[in-house]
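Residue numbers (this note's numbering), protein chains in the order written: chain C, 25 to 548; chain U, 723 to 1266.
None of these hints come from the bench; they were simulated from the model. As the structure is a computational prediction, the values presented were derived from the model and not from experiment. Check before you lean on any hint, since a few could be wrong.
Computed footprint of chain U on chain C; a stretch qualifies when at least three of its residues, placed anywhere within it, have a C-beta under 8 Å from a C-beta of chain U [what the hints assert, rightly or not]:
hint, segment
1, 137-145
2, 276-290
3, 444-458
Which chain U residues face chain C? A few, computed with CB under 8 Å, are given here [claimed, not checked]:
hint, residue
4, H782
5, E836
6, F952
7, E959
8, N962
9, R988
10, K1209
11, S1223
12, T1249
Beta carbons: idealized from backbone N, C-alpha and C, even for Gly.
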Amino acid sequence: MIELALILLSSAIAFGIARWFQLPLIPALIIGGFALTGFGALPERAIVEHILEMGLTFLVFVAGIEMDPKRVGPQKRAAVLVGSLQFVTLGVTAAGLSLAMGFDATTALYIGLAATASSTLVVVRLLRTRQQIFEPFGRLVIGVLLFQDLLIILLIIALAKFWDGAEAVAIGMGSLLVLVVLAAFCMRFLLPWLIRRFGDEEEILLLSILAVLFGFIGVASALELPLFTGAFLAGVAFSSFPTSGVVRGLLSSLSDFFLALFFTSLGALITIPGVPDLLRALALVALVVILTPVLVTIVAERSGLTARNAIEGGLLIAQTSEFSLIVGLQGLILGQITQEVFSIIALVTVVTMILTPILATNRVAIRLMRFQPSPIRKNKLLAPSDDHVVLIGCGTGGRVLLDLLRARGVPVIVIDHDPATVGHLESEGISCVWGEGSDLDVLASAHAAQARVVIVTTGRVQLAEVLIGQLGRTPVMVHVFEGHEAEQIRALGGHPILYSQAASDAFIQWFDERFAHPTSPLNQ
Amino acid sequence: MIDESILRGIGLIIVAAAIFTILASRLNVPSIVSYLVAGLVLGPITGLLAVSDVINLISHVGIALLLFIVGLELSLDKVRDVGRVAIVAGLGQVVFTAAGGFVLAMLLGFGAVEAIFLAVALTFSSTVVVVKLLDQKGELDSLYGRIAVGIFLVQDLVVIFALTFLAALGAGSEEFDLAELAVNLGLAFGGTALLLAVALLASRYLLPRPFAWSARSPETLFIWSLCWCFLFVLASEAMNLSLEIGSFLAGISLAQLPYNEDLRRRVHPLMNFFIAIFFVSLGLQMELGAALDHIGSAAALSLFVLIGNPLIFMFIIARQGYSEKTSFFTSVTVAQISEFSFIFATMGITTGLIGEHILSIVAVVGLVTIAISSYMILYSEAIYRFMHRAGLLRIFGASTQPEPELEEGLSDHVIVVGMNSLGRELVKKLSGRGELVLAIDTDVSKLEGLPCQTMLGSVDYLSVLDDAGLVRAKLVISALQIEDTNKMLAYRSRAHGVPVSIHAFDRSVHAELHEIGVDYLITPKETGVSVQIDELRRLGVIEP
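Use the sequences and the hints to build the structure in full.
Listed below in structure tokens is the structure:
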């Protein structure tokens, strides 16, 4: 009980620190666990190992639940392309670098694999807080992450069996197939029945879900696969709607609990590396942080993202993953890598995760735009105009506005960063400029300084700041959702269009019709 | 991977528990009974699994979380309310049951020492069993639920007393040291008083500010609260108190903060997982070896616990001025013996005062009384109606006028989820129209200053929707920008036939929401265009 309470205490402190300094949670937890052993507070290793096992099970299970291809939207192909290219290039480079730094081949393979994937937990949380999860690039990033999680699970199995020869790998993959079929069966028949039958009974449903999880682990163990494979596929079996929603609601506190304990106990396994190992870790950090954005930028741009989004996406996924830690743990347990190598992997993960929110910012992205080779698609110069409206962003709301303006005979020039949108609009004969609203060349092409008004529908306050600074006397109208954003725009000298207010008015109209109450004075 | 034993152990327990619970669900068997049976099958019957240290640890975590939840439900007023009756009834029952049990055991032909052990083992009722069942019925908060919990905590103190006493005996029956015993007992009571003082002072002065800060992130609040709970557990263990008392007091100190309901709902699934393992491991540990030879005594003692204990209680509680119904409901809860009874008997064996057969008898009595009393507690309403109509309860002379129950939940209300600008605007407009509005958010600061009822919680949890009265709602609205949560909320509302309106912040989610059957999609980006047009008119960009 003392060990458990101490680990919880360390986790609680890490949660506090992460929130206070706006740091990602995982490195905070790991450092907490590391400090705990530093104080000599965890003599009982058995408990730590048990917690690691339970935590690992839940971590992988939860990752499996998120494996719904629908989340990726229309970006599946691009995600697979970007994901696999980053995966292979980073893996090969990191393994090569490890060999060059004097590690043996096995260790180099483990380090290479650990460097490949990016962290779903860290990135999704960042995308959520920045409300970018539904932008095309957000979807692409999620697709990349999911695809990489899948790849890394496959490769950990292969790596575990690798030293027993090709035959063992083949048998392993065959066993995996059995498990996949089982998962598909559960997804299709067993789980929907469970949810229908016990949907309102928390206790039974929770137990059944966990029983399915442990059942899969049992099957994995019988098939001699790593146990977390079972946990992952159990998660995948639950990944379709509405099962996934039910499971998330029931298990989120369990997984919060076990994940906090998992990362803390993992930290407790780290030893302080010597100076040479520290340098090696730093070299790997540099590799991940530099190579990832470069790679992703190049590939993502070719898949149709704008330069800015591609750079942002690259910066966002420039870290190693929670799965890298699993790779390290697996190697450590099988005795294929040393304690020092495990510590290097953990260190790289901690550092790259901490760097992510610092590097993946607008400011860095805009600075990097300068080094960006010329875009693949050149904008033609539009005829000069001085009574037009510039519309930045032609998404959901922008399109409606565009049609209304055109119906009233107002000339409009659209700036949009999605080449597909621009293509469509041009085929309808609408004047368009492809690019970012913050890009001065783009603004010049759209003659924004001469426009009667510039309307921003993308809702980014930073963009508005640039525009208002650049355009001076041309009125800038910005569509925003939150009241405090409207205040910011007003303070900058722009005109906010608070669309949440408009939406609530429209809602009330519907509400009054739907729930019309003859005796209510308001409806008479 | 590392060592399969823990996953294998927990896996077997969970799978067996799930199978038995699902099989038993059609027969309305209380889940505790299916867990015990699952434990019996895994342990004594097939020998697949033995209780390990880790499983013991997990069981203890389960008990701590259960009592933590109980504490979370209790504001200080509610404790004060039932304090007197809990102490009187708790102590009274111990005396009467011990005396009755002793006489019965002597009559059954046991020796004096054995009879004392059996009598003491019979006096403990199981806090965990009863609290679990009351929680399942959703009646922890009712008057009789609170009285029962109070009584059990008083009994827990008595248990500590008995165990301390026994430990002193075991330390050396030759040189029985009365002074040391007194010191130990003093420490136990002093420790309880100290913990209580710390809990109350902390809830007043230490906790409010840091917890208000952490409450903006539900996960932080959750982990902090668990940490608080286990610090108390550690403290109580350090002072040789039961972990029940520690975790209960930790719960009480957090119950005075405005997040206790949300916390309870978050800890609940975690507790369900751990407590299932506790009950299965209880079944695993059953030593039924010599029980067959003493089946008659076991039956007699079980009957005494099942019928005698409630009778004793009816007299005591009815005398305290509570109504017939409340007295009856409270009394029904004590008709079982506790896991402490096993510990007590095991300790008795190690001191060499009693033989193995006593433990077997206690185990059988435990199994039988826990199983039957689970039914009694779950169906107490029906049993009460029957007994009342048959006139069997008149002898206790309690008032037949039940105490007024707490008010029912909201109905015909509008639930608005997500207090961003859209949510707040909707709440204001709906409240202005005289609608009964309930606003829900996970961030306590966003619920401040709203002209309506508010609730802290995440609608991902089914329990949040239950507490919000989803099934009785007139309309459910989500202003959230979280795709998964919105879809799930829409799905659950439609499953109960409640109209639902969802914030469809991106065109890509429209189709799915329509498919689920959402009644009205709130589309701010599209509707915002009309404001834009008005604004352009004002600037003269387009014709008025």
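Okay, the hints, checked on the actual structure:
{"no.": "1", "hint": "137-145", "result": "violated (count 0)"}
{"no.": "2", "hint": "276-290", "result": "holds (count 6)"}
{"no.": "3", "hint": "444-458", "result": "violated (count 0)"}
{"no.": "4", "hint": "H782", "result": "holds (7 Å)"}
{"no.": "5", "hint": "E836", "result": "violated (33 Å)"}
{"no.": "6", "hint": "F952", "result": "holds (4 Å)"}
{"no.": "7", "hint": "E959", "result": "holds (6 Å)"}
{"no.": "8", "hint": "N962", "result": "violated (14 Å)"}
{"no.": "9", "hint": "R988", "result": "holds (5 Å)"}
{"no.": "10", "hint": "K1209", "result": "holds (6 Å)"}
{"no.": "11", "hint": "S1223", "result": "holds (7 Å)"}
{"no.": "12", "hint": "T1249", "result": "holds (4 Å)"}
Hint compliance for this structure: hints 1, 3, 5 and 8 are not met, and every other hint is.
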